[in-house]
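**Q** Residue strings, one per chain:
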Amino acid sequence: MRRHLGVPHVALVRRPTQTLEFSIGSVPFRVFFPNDYMSDREAVNTLYHSAAARYAAFQGADGEPFAIRVVDSDELAEGVPDFSYEWQEARLHCRAGEAVFSGVRHEYAFDSLLRMLFSWILLPRSGFLLHAATVVRNGRAFVFTGRSGAGKSTLASLAPEGSVLTDEISLLRCEEGGWRAYGTPFWGEFRAGDVNTSAPVAGIFRLVQAPENRVAPLRQAELLRVLLPNVLFFSAQPAAQRRLLEILGGAAEEIPGHDLEFRKERTVWEVLPA
Amino acid sequence: MRKTIRWQKNPIVAWRAIDGETVIISPSDNVMHELNETGSFIWRQIDGRCSAAEIAGMLAAEYEVPPEDALADTEALLQQLAASALLVTAAAADGAAC
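Residue numbers (the working numbering), protein chains in the order written: chain V, 1 to 274; chain Z, 1001 to 1098.
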């Protein structure tokens, strides 16, 4: 005899998992905010909606998305990770082509883990994230690198309107036909609006504030030395570092590098190569 | 008889030759090391089989440098590289030479 048991007054519909899809630099992502995440449903809703708004402009890549599961801090990701990292109380655990974010309590934590993950999954895709502002001029991307205070946001604010891809973290990828810079949702103090587009890289410029505007070429080895301390990278694994150095070495050989001495005014654009 | 030390590159370091120079990164401390052209020449010869004297001989054959200076410079660089853990001693292999 079979007896069917149930709770007649509870509908057989679980709260849906909220899914968010976006793509950055032609890399598609699918983020799951599961229905059992956190006891505070208001918090997960806020997290989901703020992420949806920040990444709304970044759509359109083809291919199987890279899955990210946002889980509560008590739920430990299983297995030895290919890559893991912690940012304050939030943790990233990446294994077998899937990532788990745990302990994410606010949008800054989510964005930080996403940048860390992205720096890792760009390795097989011949790309890297660089502390740099990127401005598109005449259809080509000018990448201005330097640490905080070097003048990235200042330079972005002096750029012709609507042509800034980012003022803080640039994404460069080597593709068929050469290096391209992509817009990213990662911004510093100057936010012109999300630009989900890309352009071939015209050059990388090290920012040096000076009384006069002047451009001087950098040798390949010098450009590599400029790139290394400005790259966002969070893995100490030898194989990953070898791969990163190979990618950066290629960039230093193939992209023209320059020192850009500039004063804080719009005339800086006059000394840049056309 | 004193055993000749033969060095090899530490397998965990990342390095890349560019524009005649060499950039080496040690993952343990994330420090970037740079070698000039002659330093890069020596780095390229470090293969676990060559002794300092043998590498110095190749350096003196390639560049205008007296053999005794070549040996002193080679030994000094090998010591610096080893002190930064960029080199490890090669497993003793009698009879092996470069």
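For the record, the hints were derived by calculation from the structure and aren't laboratory data. Just so it is clear, the structure is predicted and the values come from calculations on it, not from any experiment. Note that CB positions come from ideal geometry on N, CA and C, so glycine has one too. Incorrect hints may appear among the rest.
[What the hints assert, rightly or not] Listed next, the in silico DMTMM-like pairs over lysine to aspartate or glutamate satisfying Cα-Cα at most 25 Å (straight line): (1) Z:1009 <-> V:222; (2) Z:1009 <-> Z:1062; (3) Z:1009 <-> V:246.
[Said to hold, decoys possible] Simulated restraints on C-beta separations: (4) Z:1036 <-> V:45: 55 to 61 Å; (5) Z:1061 <-> V:200: 54 to 60 Å; (6) Z:1062 <-> V:254: 24 to 30 Å.
**Q** Taking the hints in turn, state whether each one holds.
**A** Comparing the hints with the structure gives:
Between the alpha carbons of residue 1009 (chain Z) and residue 222 (chain V) the distance comes to roughly 24 Å, so the proposed pair stays at or under 25 Å and holds. At most 25 Å may separate the alpha-carbon atoms for a hinted pair to count; residue 1009 (chain Z) and residue 1062 (chain Z) meet this at roughly 22 Å. For the proposed pair residue 1009 (chain Z) and residue 246 (chain V), the alpha carbon gap of about 17 Å is at most 25 Å, so the pair holds. Checked against the hint of 55 to 61 Å, the C-beta distance between residue 1036 (chain Z) and residue 45 (chain V) comes to roughly 58 Å, which is consistent with it.
In this structure, residue 1061 (chain Z) and residue 200 (chain V) break the distance hint of 54 to 60 Å, their C-beta atoms being roughly 45 Å apart. A hinted range of 24 to 30 Å holds for the C-beta pair residue 1062 (chain Z) and residue 254 (chain V), which are about 29 Å apart.
In summary, the one numbered hint that this structure violates is 5.
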